[in-house]
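A.B. asks: One letter stands for each residue in the lines below.
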Amino acid sequence: MAEFFTALATYGFLQSALTAGLLASVGCGVIGPFVVVKRIAFMAGGIAHSVLGGMGAALYFGVDPFAGALMAAICSALLIGAVRLSWKTQEDTLIGALWAIGMAIGVLFIAKTPGYSSDLMSFLFGNILLVPTRELWWMAGLDLVLVATVALFYRQFMAVTFDEEFARLRGVPVALFYLLLLCLVAVTVVLLIQVVGLILVIALLTLPAAIAGHYVHSLGVMMLIATGLGALFTTLGLALSFGPDLPAGPTMILLAGGVYILSALVSRQLHRRRAWRQATAVSG
Amino acid sequence: MGAPSYSIVLTGAVSIHVILYAFDPAAMARIPGNPFIDTSTIDPIPMPSTMSDSPVIRVESVSFSYGETLVLERIDLSITAGEFVGLVGPNAGGKSTLLKLILGLIEPQSGRIRVLGRPPREAARAIGYVPQFPSFPRDFPICVEEVVAMGRIGLGSRWSLGWSSRADRVAARQALAKVEAADLARRPIGQLSGGQLQRVLLARALVGEPRILILDEPTANIDQRAENDIFDLLAELNQRLTILLVSHDIAFISEYVSRVACLNRTLTCHGTSAIDGDTIQHLYGGHVRQVEHQHG
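If you read the protein sequences in the order shown, they are chains A and B. Heads up: the first sequence begins at 1 in my numbering, then just goes up one per residue. Heads up: the second sequence begins at 1 in my numbering, then just goes up one per residue.
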């Protein structure tokens, strides 16, 4: 760990990696709570995996994979959202289909791209140590979009997430904000893919928010705590993986997963104890 | 008055049930034990003068079916300003569906609905709606005050930005005080009892300054005492608002409402005819004046 911090001062790539982790944690903190409370983790997973199609195509045509990922994520979010809004039945099957189709397209494109196919592994599991400075600016820009959109329409997003039927009665354009929310999820997924890869995205998107949800009863506070936890997991994951030369993405995820399980047990215990204290206080 | 010939068939799935109670404040006030006994609270003109005589809710020959199941068949219903209408009927009789149509959440396959003279979807913001089951997850991280403040969305511009304003929070507190739930303001929504939740949902419906209040089985999950409280509150609100309420308990609501319509796929409204009040009182245990009933 100590050697990580000394290395951090010397190596620019580590500083970039740390910045990427912190930028990603803003996305996971602001959007993660919506994914958790709206229970759309499976949808987010579908969006994340279908992104491989866009990345593969971008690679094949020699475009920046980041741009390809963003395009694919938005398209897939709109498609999944439209299916959910108009189809309703068998929504999960359709998401599963998009999930697999996106990956299949990506693998085909990558197979037909001349040169190394080593990119595939970094798409799937991320490679935070190779994030170029140019993409850090992209990430900062996307963070700005996320935070600004949520701040501008906080009430509407909250209403649509909390009670769609009531939001519709109050004149909120529910379909519009639902699709917009999914697009924000798509943007967040692209942010996080830089750090942990598309397979592990879902963990970083949901776990910090879920841990926060164990203790607080306010969406806003949940966002703040989830951002903090995201920053903690990415930074600590990076630091822990550096010494023994482990892949950073999986280290972060194991850290987040471990804390989540621990927190679930602790909060359960706290609930029980509170209930017990309440009951014994009454009975004297 | 002689006993009129009428009968009530609640078993035949296709028979038409129409029960119409005429509400007469003066007559009600004479009946001991009536919640309206305090005549000082009865406003002879229970609605603002801006409301015209045209019905606030008009349902014209509306039919609706889910898939191949016909749920509502040629429904006609007209509700005028200041009325308190109770809608009763068996399960799966189409009560909730009719409410959803009036709210504009679903569209009828045939027929026409006007709320305050406009299509339901446009008028929805003038309606306060209390659903039968909360349509939100109980573990949502939100406190009561925030839930109630959501009822103010759409009061200003459709695109009003940002967070709820101070005015919204003040209005939310006032609405909570109105339903005697001011102490719950900071509670997480998941920690409320059934009766408390019902009050909060009522506050959320009232905070949007509605002209019509629509409630779907507001007392289904709460005990008798809380039920009495809620109905007393509704009776008071009825001095300003038109109320349409779905209930399973015909005897209970008949004490409070001005008219009861019974819905079982079909519903037809008729003019009132004279009937012996004692008979109905005996039958329903309520203080009702008149009943008309017709078989289909």
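Simulated from the structure, these hints should not be mistaken for laboratory data. Take the hints with a grain of salt, since some may be wrong.
[What the hints assert, rightly or not] Below, a sample of chain B positions facing chain A; criterion: calculated Cβ distance under 7 Å:
#1 LEU116
#2 GLY117
#3 ALA124
#4 ARG125
#5 TYR129
#6 PHE133
#7 SER135
#8 PHE140
#9 ALA185
#10 LEU192
#11 ALA220
[What the hints assert, rightly or not] Cβ-Cβ distance ranges computed for the label pairs, FRET-style:
#12 ALA2(A) - ARG166(B): 17 to 23 Å
#13 SER165(B) - LEU176(A): 18 to 24 Å
#14 GLY62(A) - ILE106(B): 28 to 34 Å
#15 ASP92(A) - GLN191(B): 30 to 36 Å
#16 ARG273(A) - GLN109(B): 35 to 41 Å
#17 PRO137(B) - ALA100(A): 49 to 55 Å
[Said to hold, decoys possible] Going by beta-carbon spacing under 7 Å, a handful of chain B positions derived as facing chain A:
#18 TYR66
#19 GLY67
#20 MET150
#21 ILE153
#22 GLY154
We treat Cβ as the ideally placed atom computed from N, Cα and C, and that holds for glycine.
A.B. asks: Please go over all the hints and tell whether each is borne out by the structure.
C.D. replies: Hints and how they fare:
no., hint, result
1, LEU116, "violated (14 Å)"
2, GLY117, "violated (17 Å)"
3, ALA124, "holds (5 Å)"
4, ARG125, "holds (5 Å)"
5, TYR129, "holds (6 Å)"
6, PHE133, "violated (11 Å)"
7, SER135, "holds (5 Å)"
8, PHE140, "holds (6 Å)"
9, ALA185, "violated (13 Å)"
10, LEU192, "violated (12 Å)"
11, ALA220, "violated (18 Å)"
12, ALA2(A) - ARG166(B): 17 to 23 Å, "violated (50 Å)"
13, SER165(B) - LEU176(A): 18 to 24 Å, "holds (22 Å)"
14, GLY62(A) - ILE106(B): 28 to 34 Å, "violated (50 Å)"
15, ASP92(A) - GLN191(B): 30 to 36 Å, "holds (31 Å)"
16, ARG273(A) - GLN109(B): 35 to 41 Å, "violated (55 Å)"
17, PRO137(B) - ALA100(A): 49 to 55 Å, "violated (29 Å)"
18, TYR66, "violated (13 Å)"
19, GLY67, "violated (12 Å)"
20, MET150, "holds (5 Å)"
21, ILE153, "holds (4 Å)"
22, GLY154, "holds (4 Å)"
Checked against the numbered hints given earlier, the structure breaks hints 1, 2, 6, 9, 10, 11, 12, 14, 16, 17, 18 and 19 and satisfies all the rest.
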